[in-house]
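Construct the complete structure from the given sequences, taking the supplied hints into account.
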Amino acid sequence: MKKLIVLLTAISVFSAAGISYVGYKNLSNDTTINNQEHEFKQLEEKLRALQNEILNSEAKIKDLDTKDAEIIKNSNEKIKTLKQQEKSIKDKINNENKKIDYLNNELNFFSSEIKTKKEQKNKLEFELNKLKKEKQKNDEHEVFFKNEIKKL
15 MKKLIVLLTA ISVFSAAGIS YVGYKNLSND TTINNQEHEF KQLEEKLRAL
65 QNEILNSEAK IKDLDTKDAE IIKNSNEKIK TLKQQEKSIK DKINNENKKI
115 DYLNNELNFF SSEIKTKKEQ KNKLEFELNK LKKEKQKNDE HEVFFKNEIK
165 KL
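In this text, residue positions in the sequence shown follow this note's numbering: the first is 15, and each later residue adds one.
In short, the hints are calculated from the structure, not lab data. A portion of the hints provided could be inaccurate.
To be verified - Below, a list of computed lysine-lysine pairs in the DSSO-like style, where the Cα atoms sit at most 30 Å apart:
1) Lys-137 / Lys-151
2) Lys-151 / Lys-135
3) Lys-76 / Lys-87
4) Lys-104 / Lys-132
5) Lys-112 / Lys-97
6) Lys-94 / Lys-112
7) Lys-97 / Lys-113
8) Lys-165 / Lys-146
9) Lys-164 / Lys-147
10) Lys-144 / Lys-129
11) Lys-113 / Lys-87
12) Lys-94 / Lys-113
13) Lys-147 / Lys-165
14) Lys-97 / Lys-81
15) Lys-92 / Lys-104
16) Lys-101 / Lys-112
Claimed, not checked - Derived Cβ-Cβ restraints for the label pairs, each shown as a range:
17) Asn-122 / Glu-148: 47 to 55 Å
18) Lys-106 / Lys-132: 34 to 42 Å
19) Glu-127 / Asn-90: 49 to 57 Å
20) Lys-147 / Lys-106: 57 to 65 Å
21) Gln-134 / Ser-102: 43 to 51 Å
All C-beta atoms in this analysis are idealised placements derived from N, C-alpha and C, irrespective of residue type, glycine included.
Dropping the structure here:
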């Protein structure tokens, strides 16, 4: 019976050691699995946070792109408007320049007319003065001859 007790004790010790080892391994594996699961959950949370940041960044970029496109569109419209205004102003300037050229031509024409008229006036005045002198001379001669005729 002693052998049986020793045998039962040996078997019990080995069984207890085996059960303890298996329990320890299970606990160790559970802890490792729990740690790994916890790490995976943390990594998943970080991944979700990064995905959210990426989505937010993409949304901001799209918003900025939309705003930039709007600004560019508005700028292009302003440029078109300014070009049209520039063309209109250039046309007005050209029309005004044409009017100025026409008026300058008219002024030159009238200036030349005035010059010729002044020359004609001066000639006529000179001739008139000449004729007046001649008339005065003739009048003097006539008076002289009349006086001479009266004397005779």
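Checked hints:
Between Lys-137 and Lys-151, the direct Cα distance comes to roughly 21 Å. Compliance with the 30 Å bound is thereby established for this hinted pair. The suggested pairing of Lys-151 with Lys-135 holds, with an alpha-carbon distance near 24 Å, which does not exceed 30 Å. Distance hint between Lys-76 and Lys-87 is fulfilled; the C-alpha atoms sit about 16 Å from each other, no more than 30 Å. With a CA separation close to 41 Å, the supplied pair Lys-104 and Lys-132 exceeds the 30 Å bound.
With a C-alpha separation of about 22 Å, the suggested pairing of Lys-112 with Lys-97 holds against the 30 Å cut-off. Straight-line distance between C-alpha atoms of Lys-94 and Lys-112 comes to about 27 Å, which keeps the hinted pair within the 30 Å bound. Of the supplied pair hints, the one linking Lys-97 and Lys-113 holds, its CA atoms being roughly 24 Å apart against a limit of 30 Å. The suggested pairing of Lys-165 with Lys-146 holds, with an alpha-carbon distance near 28 Å, which does not exceed 30 Å.
Taken as a hint, the Lys-164 and Lys-147 pair is honoured in the structure, with Cα atoms around 25 Å apart against an allowance of 30 Å. Under the criterion of a C-alpha separation no larger than 30 Å, the hint pairing Lys-144 with Lys-129 is consistent with the structure, at around 22 Å. Of the pairs offered as hints, the one joining Lys-113 and Lys-87 is violated, with about 39 Å between alpha carbons and a cut-off of 30 Å exceeded. Restraint check: the Cα-Cα separation between Lys-94 and Lys-113 comes to about 28 Å, which is no more than 30 Å; the hinted pair holds.
A threshold of 30 Å between alpha carbons decides the hint, and for Lys-147 with Lys-165 the separation of about 26 Å falls inside it, so the pair holds. This hinted pair checks out: Lys-97 and Lys-81 have alpha carbons roughly 24 Å apart, not beyond 30 Å. This hinted pair checks out: Lys-92 and Lys-104 have alpha carbons roughly 18 Å apart, not beyond 30 Å. Distance hint between Lys-101 and Lys-112 is fulfilled; the C-alpha atoms sit about 16 Å from each other, no more than 30 Å.
Roughly 39 Å separates the CB atoms of Asn-122 and Glu-148, a value that falls outside the hinted 47 to 55 Å. Between Lys-106 and Lys-132, the C-beta spacing of about 38 Å keeps the proposed range 34 to 42 Å intact. For the hinted restraint 49 to 57 Å between Glu-127 and Asn-90, the CB-CB distance of approximately 55 Å keeps it satisfied. A beta carbon spacing of about 60 Å between Lys-147 and Lys-106 agrees with the range 57 to 65 Å that was offered as a hint.
Between Gln-134 and Ser-102, the C-beta spacing of about 47 Å keeps the proposed range 43 to 51 Å intact.
Violated hints, listed in ascending order, are 4, 11, 17; each of the other numbered hints is respected by the structure.
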